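Student: This is what each chain is made of:
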Amino acid sequence: MSLNILEISYLIASLTFIIGLKMLSHPDSARKGNLIAAVGMLIAILATLTLYQDFDQAKMINYGLIFGGLVVGTVIGTIMAKRVQMTSMPQMVSFFNGMGGACAALIAIIEYQHHQHTTVTGFDGELLVMLLGLLIGSVSFSGSLIAYGKLEGKIKDRVLPMNQAINMIMLGAIIVLIAYQLFVGSTPFQFYILLALALVYGVLFVMPIGGADMPVVISLLNSFTGMAAAFGGFLYDNKAMLTGGILVGSAGTILTILMCNAMNRSLTNVLLGAFGGASAG
Amino acid sequence: MEEIFNYIGENMEMIYFLVLAILLGVEVISNVPAILHTPLMSGANAIHGVVVVGAIIVMLQASPDNYMALTVGFLAVVVGTLNVIGGFVVTDRMLEMFKKKPKKS
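Chains as they are written, first to last, in the working numbering: chain A, 3 to 283; chain B, 382 to 486.
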């Protein structure tokens, strides 16, 4: 019974995300669309809190920490969002986007702790989803913080010598590391090396891109975080996370291209400092 | 190879969702006017904050004596909530600005 209500709540949440996104793309209904999506999000969170059941013992401490986390996040988030100057909005979006990426990466880290106890031979889909969530979440986290710093004027545009080549090599190393963990075997050591590589890659990815192009990059990182959230949905068979995440992933990618077009540039052109095209998705 | 196909077969329902949602996402925003690019980005940013649901599930699954999971999970809930709340409030403030001088495009 309660499980069905949970699934229905996720369905409602997914619907509000779709409708909200649709309304957000028309000037007259945009504000209402944002509100509708927020209500759907509230439904999804409340339903998970009250209806999700996967425990065999009383877990007061877990509930305490969850509520604590929700309250802390709400208070800090509201204050930051209300205080920020209108002109500083884009970097605020970038900051919050980075937080979402961090959330996806942290989930992957905890899940990996559970996962490594089971011995699996050969291809392991769950591990793949975890590794991709970790990778994309971390890239989005560190990249977004660099974008935030650049727009705030705290970080200057700086291009390392051979930045493009270094990025390529790192991307190659990341792919090899993921393939190795999938097909040969995964130890925590390799997992954390991947985390470190992903964080550094996020920095190097955004670093060479000029400050004026930052909104495009933020939009791209935004769609990355959406994908990371979708991988989380895959992990838990959670359809609200999957729809919400992948909707942002695809809409964000299209939006990135539209933004480039509005500036009369191509995405490759914007990312040229980094490398020719985003292949992480 | 067989394991890969097995995994896909077991998750066919989710893969359908994935593919259809990708196409839907492209369709839904394809006619957005340029002035709404930034608010739409911000709104989408808030929507992927749904990842906080995953953080809550992680916390509910963690055993009460696994302090590492509890600490990391707590952090995940905090940053996820930041994403949701901050995202929606920032979007609302941006759109509030549009309200004062209605534009058509």
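FYI, nobody ran anything at the bench for these hints, they're computed from the structure.
Since the model is a prediction, treat every value here as computed from it, not as a measurement.
Ideal Cβ positions, reconstructed from N, Cα and C, are used throughout, including at glycine.
Be careful, since some hints might not be right.
[Said to hold, decoys possible] So the derived list for chain B, only partly shown, Cβ under 10 Å to chain A, looks like this:
#: 1; residue: GLU383
#: 2; residue: MET393
#: 3; residue: GLY406
#: 4; residue: MET422
#: 5; residue: GLY430
#: 6; residue: ALA457
#: 7; residue: ARG474
Student: Would you mind marking each hint as holding or not holding in the structure?
Tutor: Each hint tested on the structure:
Restraint check, GLU383 (chain B) versus chain A: the minimum CB separation of about 9 Å is within 10 Å; hint holds. Hint status for MET393 (chain B) relative to chain A: violated, with the closest Cβ pair at about 12 Å, above 10 Å. Annotation: interface hint on GLY406 (chain B) holds; nearest CB of chain A at approximately 3 Å, less than 10 Å. For the restraint placing MET422 (chain B) at the interface with chain A, the shortest Cβ-Cβ distance is roughly 5 Å, inside the 10 Å limit, so the hint holds.
A least Cβ separation of about 6 Å between GLY430 (chain B) and chain A falls short of the 10 Å threshold, and the interface hint therefore holds. For ALA457 (chain B), the shortest C-beta to C-beta distance to chain A is roughly 4 Å, which falls under 10 Å, so the interface hint holds. Using the Cβ-Cβ criterion of 10 Å, the hint placing ARG474 (chain B) at the interface with chain A is satisfied: the shortest such distance is roughly 7 Å.
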